[in-house]
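Enquirer: Chain order of the listed sequences is E and Z. Sequential numbering of the first sequence, starting at 1, is according to this note's numbering. Sequential numbering of the second sequence, starting at 220, is according to this note's numbering.
Please note that a few of the clues may not be correct.
Stated by the list, open to error - With a straight-line cut-off of 25 Å between C-alpha atoms, the simulated SDA-like cross-links for lysine to any residue are: (1) Lys103(E) with Arg278(Z); (2) Lys103(E) with Asp325(Z); (3) Lys87(E) with Arg329(Z); (4) Lys87(E) with Asp251(Z); (5) Lys103(E) with Glu274(Z); (6) Lys87(E) with Val308(Z); (7) Lys310(Z) with Gly112(E); (8) Lys89(E) with Asp325(Z); (9) Lys89(E) with Leu307(Z); (10) Lys103(E) with Val335(Z); (11) Lys87(E) with Thr333(Z).
Stated by the list, open to error - Residues of chain E placed beyond 12 Å of chain Z at every Cβ, according to the derived structure: (12) Ala49; (13) Ala55; (14) Ala56; (15) Lys103.
Since the hints were derived computationally from the structure, they do not count as laboratory data. Heads up, the beta-carbon is just placed ideally off N, CA and C, and yes, glycines get one too.
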Amino acid sequence: MYLIVVGGGKVGFYLTQTLLAEGHEVLLIERSPERAAEILEQLGSAVVAGDGAEAATLLAAGAARAEVVVAVTGEDEDNLVICQMAKLKFHVGRTIARVNNPKNEQLFRLLGIDVTVSQTNYILSLIEQAIPDRSFVHLLSLSHADLAVVDAKISATSAVAHRALGEIVLPADTIITAVARGAHLFVPSAATELLPGDDIIAVAHRDREDELRRLLVAG
Amino acid sequence: MKVVIMGCGRVGARIASILHHNGHRVAVIDTDSRAFRRLPADFDGETIIGTGIDEDVLRAAGIDEAAAFVAVSNGDNRNIMAAQVARLVFKVPEVVCRIYDPVREDTYRRLGLTTVCPTTTISAIILDQVIGTTDVAASGRGGGS
Chain E
1 MYLIVVGGGK
11 VGFYLTQTLL
21 AEGHEVLLIE
31 RSPERAAEIL
41 EQLGSAVVAG
51 DGAEAATLLA
61 AGAARAEVVV
71 AVTGEDEDNL
81 VICQMAKLKF
91 HVGRTIARVN
101 NPKNEQLFRL
111 LGIDVTVSQT
121 NYILSLIEQA
131 IPDRSFVHLL
141 SLSHADLAVV
151 DAKISATSAV
161 AHRALGEIVL
171 PADTIITAVA
181 RGAHLFVPSA
191 ATELLPGDDI
201 IAVAHRDRED
211 ELRRLLVAG
Chain Z
220 MKVVIMGCGR
230 VGARIASILH
240 HNGHRVAVID
250 TDSRAFRRLP
260 ADFDGETIIG
270 TGIDEDVLRA
280 AGIDEAAAFV
290 AVSNGDNRNI
300 MAAQVARLVF
310 KVPEVVCRIY
320 DPVREDTYRR
330 LGLTTVCPTT
340 TISAIILDQV
350 IGTTDVAASG
360 RGGGS
């Protein structure tokens, strides 16, 4: 598989190194000639100096036959345009953009980028999971469907505690997929009574996440 | 009408000044507060420090009620991103975007953005002076890429 990585910072460098080690054909495009020369010494001919948002650079890099273009520079506007140019001019099948400002994740998908990676959001979710009393945790975003997987802990004061699932009116576009009670994880039915301490794994449309949070967590 | 301008360089400041003198409400966005010195002394429109690719900054500039958005910062990619945000997220009726790179300009014009490419425009004017109008159209393309 041929992949083009744009941006020779730490993320781009280690990404390229790992992909090469896995046997892929990879080309790293780095804007600064000095940084490109540094990387060249370590990775060999897998790097070229150039502006990845310029069509001429992408053309010379063979973007037309690349299956994936990954833009991991430190600037969101550059990552957006690199991916859009790869798609619009070279019809690259899959574009992946690093998103520095987490607010841009949704925007990038609206603008046609296939996959977005937000380090900030990723680290935030890891922190949320590590806080013991955190009652509602965003576990995962399913990008193509605009869905999120969330984990909610039912407290004794929660409005849904001691109520059967069947009598709880959930927000639209949400479903409770599993209940973890102690060591026991099961798929609930309408008769399942939610107990304080239960961990609820739910799938929710991203627009409904807050509504679900209020329902499950608030007293 | 209300106009939001991103980039307070020579072009942005001039557009802001002319619109202001014509009685329009103007908000200017720039990452560098010193750039606002280019605005005329009697300019009483809004100046917002920040980047126009940030939706919150655009909102602070009053993009929700803007009839037009002009992206003339010194970065092509920033202009392209901000213009798309203005058009797709905020549905601003008139969005104009400056792009120096002729290839990028051509690509985003095809995508439906209203674009201005100083490279081709100025080259054409100069070539017109130097060699006459005959080959200007052909020479204007492909330059700078």
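Enquirer: Each hint: holds or not?
Expert: Outcome of the hint check:
1. This hinted pair checks out: Lys103(E) and Arg278(Z) have alpha carbons roughly 14 Å apart, not beyond 25 Å.
2. Of the supplied pair hints, the one linking Lys103(E) and Asp325(Z) is violated, its CA atoms being roughly 28 Å apart against a limit of 25 Å.
3. The straight-line distance between the Cα atoms of Lys87(E) and Arg329(Z) is roughly 13 Å, inside the 25 Å bound, and the hint therefore holds.
4. Our distance criterion of 25 Å between C-alpha atoms is broken by Lys87(E) and Asp251(Z), whose separation comes to about 33 Å.
5. For the suggested pair Lys103(E) and Glu274(Z), the alpha carbons sit about 8 Å apart, so the restraint of at most 25 Å is met.
6. Only pairs whose Cα atoms come within 25 Å are accepted, and Lys87(E) paired with Val308(Z) is accepted, the gap being roughly 21 Å.
7. The hinted pair formed by Lys310(Z) and Gly112(E) meets the criterion: a straight-line CA distance of about 17 Å does not exceed 25 Å.
8. Taken as a hint, the Lys89(E) and Asp325(Z) pair is honoured in the structure, with Cα atoms around 10 Å apart against an allowance of 25 Å.
9. With a CA separation close to 21 Å, the supplied pair Lys89(E) and Leu307(Z) stays within the 25 Å bound.
10. Restraint check for Lys103(E) and Val335(Z): the C-alpha separation of about 28 Å exceeds 25 Å, so the hint is violated.
11. For the suggested pair Lys87(E) and Thr333(Z), the alpha carbons sit about 20 Å apart, so the restraint of at most 25 Å is met.
12. Remark: the non-interface label on Ala49(E) is consistent with the geometry, its nearest Cβ contact in chain Z lying 17 Å away (cut-off 12 Å).
13. Under the 12 Å C-beta cut-off, the non-interface status given to Ala55(E) relative to chain Z is violated; the minimum distance is some 4 Å.
14. For Ala56(E), the condition that its CB be more than 12 Å from all CB atoms of chain Z is violated, with the nearest at approximately 6 Å.
15. Distance check on Lys103(E): its Cβ comes as close as 6 Å (rounded) to a Cβ of chain Z, failing to clear the 12 Å threshold; non-interface status is violated.
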